[in-house]
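Colleague: As a plain string of letters, each chain reads:
2 protein chains.
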Amino acid sequence: MATSTVDELKKGPLHGVTVLDFSRVLAGPYCTMVLADLGARVIKVEKIGTGDDTREFGPFVEKESVYFSCFNRNKESIVLDIKSPRDREMLERLLDEADVLVENFRPGVMERLGYGPERLAQTHPHLIYSSISGFGHSGPYSELPGYDMVVQAMGGIMSLTGYPNAEPARVGTSFGDLGAALFAVIGIISALYSRTKDAQGTRVDIGMLDCQAALMETALARYDVENKVPTRTGDCHPSLAPFESFQAKDGKIVIAAGNDTLFMLVAEVLGNPGLAMDPRFLTNDLRCQNRPDMVREMEALLQKQPIQYWIDALNEEGVPCAPINTIDKVLDHPQLASRDMIVQVQGQSEKPFKTAGNPIKMTGVVDLDPNKPISAPGLGQHTEAIIAELMSRHNAYSFSGTDAESES
Amino acid sequence: MATSTVDELKKGPLHGVTVLDFSRVLAGPYCTMVLADLGARVIKVEKIGTGDDTREFGPFVEKESVYFSCFNRNKESIVLDIKSPRDREMLERLLDEADVLVENFRPGVMERLGYGPERLAQTHPHLIYSSISGFGHSGPYSELPGYDMVVQAMGGIMSLTGYPNAEPARVGTSFGDLGAALFAVIGIISALYSRTKDAQGTRVDIGMLDCQAALMETALARYDVENKVPTRTGDCHPSLAPFESFQAKDGKIVIAAGNDTLFMLVAEVLGNPGLAMDPRFLTNDLRCQNRPDMVREMEALLQKQPIQYWIDALNEEGVPCAPINTIDKVLDHPQLASRDMIVQVQGQSEKPFKTAGNPIKMTGVVDLDPNKPISAPGLGQHTEAIIAELMSRHNAYSFSGTDAESES
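Note that the protein sequences, when read in sequence, are chains A and B.
Residues in the first sequence are numbered from 1 upward in steps of one, following this note's numbering.
Residues in the second sequence are numbered from 409 upward in steps of one, following this note's numbering.
Looking at chain A on its own, in the form it has when it is part of the complex (with noise of 0.2 angstroms):
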């Protein structure tokens, strides 16, 4: 299946990948659009009905789930009924010519299906059957459903973010649910790498909760070495000064200065030469221990100007500084666009949304247009040009079999 129904033109790194995903609502669509960002073909397996669940989540263009749009851009839709013998038969030769499947079910969904990772490794053994999971599937929590929010409380990150005097707060995104959508991606494309050299495809098995502890940083070896637990620190680093907001005359605006130097330049453009001098402040250390006593210091300076007086001032010297941005302003700054960052995708309403486009930025590859709207397909959109380009491949297929000659 090298050739895409959906756009011919794509020549990203995964060109001539075939992904067969089943997976719905976030980490798997996340997942196989990045995939599909790269160059893959993905076809979604979508349940019969309904589809997949984020078809009704809010907001809606035009009846159309914004939601669904933004990760299931440039996917193709199939719909299929697992308890017909036909359309298991389609997914038969679908399989055969798949070179990823892509699932997010429960663990022993699959298998209740009749596509477990067993199965499929004895009749397709070139596939690259990867699964995402809450807990993953092996050790006692893997039958337990795992949602973002789950792995977000059970991994740790909940209890490091927010202030140290307020409750743990949520990451403003689906920290569990996108970490292992880029974990699993990972793996896939690696194992892609790896059939080219034995053949072989492989299980690829991402537990949302294994991705969480992977993504602590450093907390784990902190607590293993220090005993101590780390614990939340509201707007700055633990361990860097100064790594935080301030209050400007209109405004918060983040400054990052974690080293002698840096903080010497701070002190210049703040107009305040000695501070950097200060023995509170002579090293990042120190910086930390007198926190309190740096940021009113910093900030009785920090008010006299806007914003943008010392974002322009701090950036001329070379100190990291920025204002705290909100979505408005993310969605229209002027470096998103120069790199093409933000896209628009459409459902099947005629009416285009902004998101975010692809990241990964390659020499001489194909990017997203951000002028062209990226289409998210209709449920079963594309199931009868599917199942056709399946039967004409298959009579290809029985042509040059031994006795096509005579029956044809």
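It is worth saying that the hints were derived from the structure and are not from the lab.
Each hint should be verified, as a subset may be incorrect.
[Stated by the list, open to error] Listed below are the simulated DSBU-like cross-link pairs for lysine-lysine, each with C-alpha atoms no more than 35 angstroms apart in a straight line:
hint, chain 1, residue 1, chain 2, residue 2
1, A, Lys228, B, Lys712
2, B, Lys636, A, Lys354
3, B, Lys712, A, Lys372
4, A, Lys63, A, Lys372
Keeping the supplied structure of chain A fixed, place chain B upon it in accordance with the hints.
Modeller: Coordinates of chain B only, in the frame set by chain A:
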């Protein structure tokens, strides 16, 4: 360079791939750590004298940085003096043998050193040249310094994280660095895959800000469609209810029951099935609208029993739920243990410490062994061995040259 001086047993999917790693601090080293976990040989090129800045970052075990060891496990370290002609010659030889180059300097630095992507595309067209920077190597912001804290502020995640009536919070892990690292890994491996077909290297250019935008889930689209700026939601999902934390008798518990069936089960477990019939709570949309009432009604019941009671009862019915674990609980989590997700790393000291392992579980592939400490290299530990290896290979090459027979 198919063999490794560190560990002959690596047989991950990237076994046989050599990565020349010029990166420092976090995003680059995390990227190459994932590549090493998957079996690649990673040669870390460190600057003479001090090496990677993070060798000075605390905490320390017997003067060895835990921070450095965390992200540089299973790599080799070579120290080269970029100003010495002999070392520059060595570097050319290393580039001849490398499949992937990773760097995370500010744009322009590699060019000034003489190792910019344009030059290497000419002399080493097989190479996958991967850069990670704050804003990518194009656009009006490309020259600005971009640290994790800067892109968390600029990219929108801080505006979405924390409680609505409090200040924006930082994600409690370096979401800006780690997100970019994962997209870089995806770009690199997909380029390796593509290279198996056309034998051509490529350039992968990852901007941390781009990656932040890509990880905003539906926030950009929601703003574009609804024209309301999404904001912080504390501990709850913006459009699902119940999907948040609740006060039980002895602490907080997360319950994630975003559909009506699950909410019915929650109501039953809580001992008041009527809650699911309450006109205020009949649908997810109604529960979102009447969230404060829903929380009040649920907490009145939840406060009668401790967390573990509810976890057991909710798990019994298949309702997604979790305690909000602190890092000590994560380190001792039975599911993570059973998935080989807690491994030991040690620097040059004798004392290993624990950190998270590799979340990409692949059937038939060697995983990190939780019982065997994985070493992180001392500064320049492998310089001599790598140079000897290059020399012997070079001599072998000369042997097969035109005048090898007469000169040997």
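Colleague: Each hint: holds or not?
Modeller: Evaluated hints:
A hinted pair counts as satisfied when its Cα atoms are at most 35 angstroms apart, and A/Lys228 with B/Lys712 qualifies at roughly 31 angstroms. Annotation: proposed proximity of B/Lys636 to A/Lys354 holds, straight-line Cα distance about 14 angstroms (limit 35 angstroms). Of the pairs offered as hints, the one joining B/Lys712 and A/Lys372 is violated, with about 56 angstroms between alpha carbons and a cut-off of 35 angstroms exceeded. Taking the CA atoms of A/Lys63 and A/Lys372, the gap is near 22 angstroms; set against the 35 angstroms cutoff, the hint holds.
The structure shown violates just one earlier hint, number 3.
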